[in-house]
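Work out the full structure: start from the sequences and follow the hints.
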Amino acid sequence: MSAWLEIKDLHAKVGDKPILNGLSLSINAGEVHVIMGPNGSGKSTLSNVLCGNPHYEVTGGSVIFKGKNLLDMTVEERARTGIFLAFQHPIEIPGVSMATFMKYALNSQRKAAGEKELDAVSFMKRIKIRSQALEISDEMLKRPVNVGFSGGEKKRLEVFQMAVLEPDFCILDEMDSGLDVDAVKVAGNGVKIMRSPQRSFLVISHNIKFLKEQIMPDKIHILVHGRVVAEGDQGLLDKIDRSGFSEYQKEAVA
Amino acid sequence: MVEELSKTSVLTISPGQSAVFVEKQLGEKTEIVVGAGAHIRHYRLHDGQDHMLSVRIEQGASYEVITLHRGNGNLMLSFDLAQENAFCRSDIVYVLHGKQESLIRSNVRHNADNTVSRQMVKGAVGGQAFAAFEGGVFIPYERKKIDGAQQHRALLLSPDAAVNAVPQLEIYADDVKCAHGSAIGSLNKDQLYYLRTRGIEEQEARHLLTQAFLDEVFDTIAEEDIREEFKQLAAEGLQNGV
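These protein sequence lines map, in sequence, to chains U and G.
Each residue of the first sequence is one higher than the one before, starting from 1 at the first, in the working numbering.
Each residue of the second sequence is one higher than the one before, starting from 1 at the first, in the working numbering.
These are computed hints drawn from the structure, not numbers from a lab.
Residues on chain G that point at chain U, a partial pick, calculated with CB under 7 Å:
| # | residue |
| --- | --- |
| 1 | Arg196 |
| 2 | Arg198 |
| 3 | Glu201 |
| 4 | Ala212 |
Cβ atoms here follow ideal geometry from the backbone N, Cα and C, with glycine treated the same way.
What follows is the structure, given as structure tokens:
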């Protein structure tokens, strides 16, 4: 039987530039995986390709998620299947409040699943429990999505969206970057609370302390030139901490 | 108090009067005189034959109008800031779809000193529709302390939609502050992608972004029921366009 998420020999490009060059990895339900690698190795491209960003073109390979061919689906179908990306650079949406945004998102997903739309009371309840846990004020929920927020607040709002939508597979693209120590903890706690045997994570980060103390991954993949060149358990984090990626970069070139 | 008007041809506001008008049926022509010190807010739906609005604003009076134009018939607006300290705000939202074609022409004339005008025009055009906006601001020779601003923003919701904007500023005086700008573009791809990654259908995401774009004007309507009604009327005008 194949894994819960199985990426096989994935190739993708932006314009004429190939970025993923035969990337393979698999993740089982309930696992937390980490992707590390030098800048430009394809980490963010992978997260965008998994979400179906039209800016990237898949030129080969396959992605099977819960037995379905992910690459055949639209962006919103993937989200409804349970894929969630916490953006490295969350997008500003002037004129749309976070509360409205989440209401649309939640109800779109419920409608697609054949469930009833949430009434106002149940919706507010769902929002409130999560916003309080993540120290997000009502005022922040009323303001337009990501407009005028600090980097840390934006990242916290990404974790909040993840908590509201309860996806099966969460991709966190540099969740910790640009956050102070306390904010990293809040983000890390969000992930801890959401860990479950039915939910998996793919975490992109350079922050070894964050990964070891907050994320505690099951497996680490090293990405160089759009391919996984090494895999291991948390011991690999210590090795990267000591000697960086240079060893893998040489191998990849050779 | 909100007063309903219908196909009003002449409206004379007595000095010092304050009123809010809603008008959802327009005739061929409306002439308004806003007497000294009067304060009027006027919400209008234009969705039919060609219509001409002509307003004279007297000493210390203010006239604020938001017009929702749904692409049927041409719309001509003319504002005369006739006496000192007159204020005029004349925002327009236009939504066109299908094969609609229409012209919106606005003229603001600062005929007295110390007058202020504001105009925000926002359009969303889908299908193969075509909108032309001609916005004139006229400031005659020797006028003093004039403050005018005009902004035009349009969203093209399909590759075959088109908007032509012609700002016409005629400024013959020196003591003038007059800002203006125009921008025409498509929905932001990053915003669309972001909404869709949360499970929102592409069509719905486009609606949401378009609505948010137009709401900048509608959100200035203080009366909640009128605000929601005009948002709804605009959404209906877009239904086939997005």
